[in-house]
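Trainee: Below, each chain spelled out in residue letters.
Protein chains: 2
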Amino acid sequence: MAIKPITPLLTLSLIFLLSLSAASASFRSSSKWVPRFLGKSSLLTKPQSMTQQQYQYETRYFDQPLDHFSFADLPTFHQRYLINDDHWVGPSQLGPIFLYCGNEGDIEWFADNTGFVWELAPRFGAMVIFPEHRYYGKSMPYGSGDEAYKNATTLSHLTAEQALADFAVLITDLKKNLSAEACPVVLFGGSYGGMLAAWMRLKYPHIAIGALASSAPVLQFEDIVPPETFYDIVSNSFRHESTSCFNTIKESWDELVSEGLKNDGLLQLTKTFHFCQKLENTDDLSNWLESAYSYLAMVNYPYPANFMMPLPGNPIKEVCQKIDDCPDGTSVLDRIFEGVSVYYNYTSDVDCFQLDDDPHGLDGWDWQACTEMVMPMSSSRDTSMFSAYDFNYTSFQEECWKEFRVKPRPKWITTEFGGHDFKTALKMFGSNIIFSNGLLDPWSGGSVLEDVSETIVALITEKGAHHLDLRAATAEDPDWLVEQRATEIKLIQGWLNDYYLEKKPFSDM
Amino acid sequence: MAIKPITPLLTLSLIFLLSLSAASASFRSSSKWVPRFLGKSSLLTKPQSMTQQQYQYETRYFDQPLDHFSFADLPTFHQRYLINDDHWVGPSQLGPIFLYCGNEGDIEWFADNTGFVWELAPRFGAMVIFPEHRYYGKSMPYGSGDEAYKNATTLSHLTAEQALADFAVLITDLKKNLSAEACPVVLFGGSYGGMLAAWMRLKYPHIAIGALASSAPVLQFEDIVPPETFYDIVSNSFRHESTSCFNTIKESWDELVSEGLKNDGLLQLTKTFHFCQKLENTDDLSNWLESAYSYLAMVNYPYPANFMMPLPGNPIKEVCQKIDDCPDGTSVLDRIFEGVSVYYNYTSDVDCFQLDDDPHGLDGWDWQACTEMVMPMSSSRDTSMFSAYDFNYTSFQEECWKEFRVKPRPKWITTEFGGHDFKTALKMFGSNIIFSNGLLDPWSGGSVLEDVSETIVALITEKGAHHLDLRAATAEDPDWLVEQRATEIKLIQGWLNDYYLEKKPFSDM
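These protein sequences, in sequence, are chains A and B.
Counted from 1, the first sequence has number 364 at position 364 by this note's numbering; the numbering is strictly sequential.
Counted from 1, the second sequence has number 492 at position 492 by this note's numbering; the numbering is strictly sequential.
Heads up, some of the hints might be wrong.
Identical chains blur together in the list; that is why a pair holds if it fits in one copy or across any two.
Said to hold, decoys possible - Below, simulated DSBU-like cross-link-like pairs (lysine-lysine); rule was C-alpha separation at most 30 Å, straight line: (1) K407 to K175; (2) K138 to K176; (3) K402 to K278; (4) K138 to K402; (5) K504 to K175; (6) K322 to K278; (7) K503 to K176.
If you are wondering where the hints come from, they were derived from the structure by calculation, not from laboratory data.
With these hints in hand, go ahead and build the complete structure from the sequences.
Mentor: What follows is the structure, encoded as structure tokens:
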């Protein structure tokens, strides 16, 4: 059967965060694929596979101003949030509130796949709240996704600052209604949500006492980290498994270009890679492969994911075995197809692959990447297994203009949230942030990888990938993951203890 | 001669900050006068009296986005800033940058009347920069004040958050151009500018290492301080000088109302108070008096101001002497006129007084008060010398709607910047802010009056008034003022030392 690769996944691991559509050509069809956190079409609708929610919560809506920072006469919108207070010890005991900073997707996905927060709640007597990010899921301005995503004007208020203000206004109102003003709030977030958590801790220190920012590449802007960082880490994960696998992938780019130039070359490539429709150019194929390798590095988890679209544990190892173990004489491109099938077709039930046929479809993250979230990415032929690509801001800007009629502000995020000389600023003036990262995750290179101070700490796992720590505990968790979560719990407990010490007169202790 | 009371003042003391028009009925003609920091018509144009600037600087313009927090297709505007690097030791020595957070007026006023910053520059080898607040002076969106102030839509981006972002973007760009990224920025500000300085330190800890927030009533929102605070402090200043003066003023409100109800009562009052035009109601007169008393309390400085519109030193003492020293048998209202003439006509060259004849004129602060800066103010008959008035949010909201077609967001400032439980939040998570206040200043009651932590400190002067410490030193400065400034210098030096210690490897020291 032909599976359209936009079917979202739900797996034991973080792979829920990705949909296969993400592995398609992204919004810049035939341009360089741009790394992203989440799958493209995963952003607006809940996966059909997710028939049952894993955790108990109530769904509510809150009326938010569309623009917190101006007083233009704009409509409000209904922000969805999920809430559970079963374990909350309440205001009299200053019961904590755990707030997950919803990121670029349906908040139910995040709730169901952030088991760590749910598992912590009873231990801490905490309330749990998952507010949805504006312009995603059911939190659409202008009444619907179609209206919200209509053009640059309707999209204009899809920014991180507005999302943080949404969280701040919501939690302030909620606490007031519960007479829980004095209850401490702890923030959680993964990936872009982790960036939001860290930024919220910096911007709203009066609202949240600390943040666990998992796999949050807050330094992946401007020239703070080298633009090759992401693809170098992806490449290292493959090289680490097998040098010949790495080399085969490295050779493949030229192969497929020269194949594409032949008579009927595109038809031949369409056959080799089992696409349902004929390839229009080799760029689409390159992007399809690049995104697979990149996502594989992100979800290179130590245990298998066994849902309807399963991936094995250590999927890169598996990919490389497929590539390396082909019989002698197998062509480079045939090997590549064998390898990439682990990602696109592990269950062997896909007959042909579909490239995303709607590169102009709705996608909030593309908008965010074209406005604030400008993360320059290049690949080096010397240090990576990818073909050489230099990020060119002028072209990037032009494509954003073409796509959205918007001009990016590439320096805004670091101006607003810091980044340059992050260490000095945060060491002296920030506190209570955990930056947790797995070094297999290509996004880890843009995060904070060493302790900034006693209270801004980096928790690194060598074998971890994209925000694995936020997942529910499983019997298969390796020791290093169990330890990482235990350290996180200890740090959060420390923040709470400090807060209680400050709040309560000593005579009460 | 008839002086229209909108003529701005320029005096030795802070009185430059006020224009007499502020003493008129404010934008809500015949409604309760609302305390404000600055005079109404002082906000858009530079006083004609200010023919010569006191300090040397270069005037430049910087292109700013109108909305930093959305990507709507809006025009940019030219933000004016004043800059002087004569004393700057430059990037190689990490020379500090002193930034005054421009508030609701022409930035040249603030530059010329914030001598403290200019006097510090050579001592610290600092660059000095005075950026103007958007929608004031020459920093007008849409090309002109008329266009910028046309309606609620054009005014909608006049907010504190946007102003802070302007400062952040400007200083980041400036530092980059000078290769001065590592040079520490210290913020200064008085009144609303002091609030901006404190908030900027909280919101942009990566941009500024500390803030001197002089007379900044950051807690004058919602119910954080009692709404009677402002008028109680005004009243106490009068009571402190003379109980009989206090009592005469207290009696006068009923007197003038009953006088106004008589046949030809308004005409009589017009004569008693020497107005050029006939009073239309007694509310206008009450507002005219209330605002005079309030401004007198704000500028109740220890030394005289001898400019074209001079005030004596300790002006409240003078007012009360006039009220008390009238011959026996002088009526209450005649006494009041004698007293208030110290404020409105110290030089005795005014023949008749003019109430503001354009209550609907341009005024950015009125817009700010009707949107974010909602500071509830009541007066109590028991504790103050004013007639009883209870702040009514519903009426306030209605008047703002009538005036601007805008709905205030009274809880936004505390959500965005903190305020409730300020101490716990800042003690744990903020640093390097000086809240300086003179207790004679009625705004002091809404500021931070005790140390929050080792690095967030309150500097109180019992006899100080509205941000006197930011003024240039004079030979008449009392010891307590000299000491206050010395402490401020020591604290700022401490912030810089900490920063340098952090930046420089120990081997360099």
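Trainee: None of the hints should be skipped; say for each whether it holds.
Mentor: Checked hints:
1. K407 to K175: For K407 and K175, the Cα distance is within 30 Å only across copies (23 Å; inside one copy 38 Å).
2. K138 to K176: within (25 Å within a copy, 41 Å between copies)
3. K402 to K278: Within. Shortest intra-copy distance 26 Å satisfies the 30 Å Cα cut-off; inter-copy 64 Å does not.
4. K138 to K402: Within one copy only: 28 Å inside, 35 Å across.
5. K504 to K175: Close inside one copy (19 Å), not across copies (44 Å); limit 30 Å.
6. K322 to K278: The answer is within: 25 Å in one copy meets 30 Å, while 96 Å across copies does not.
7. K503 to K176: Intra 18 Å, inter 42 Å, cutoff 30 Å: intra-copy only.
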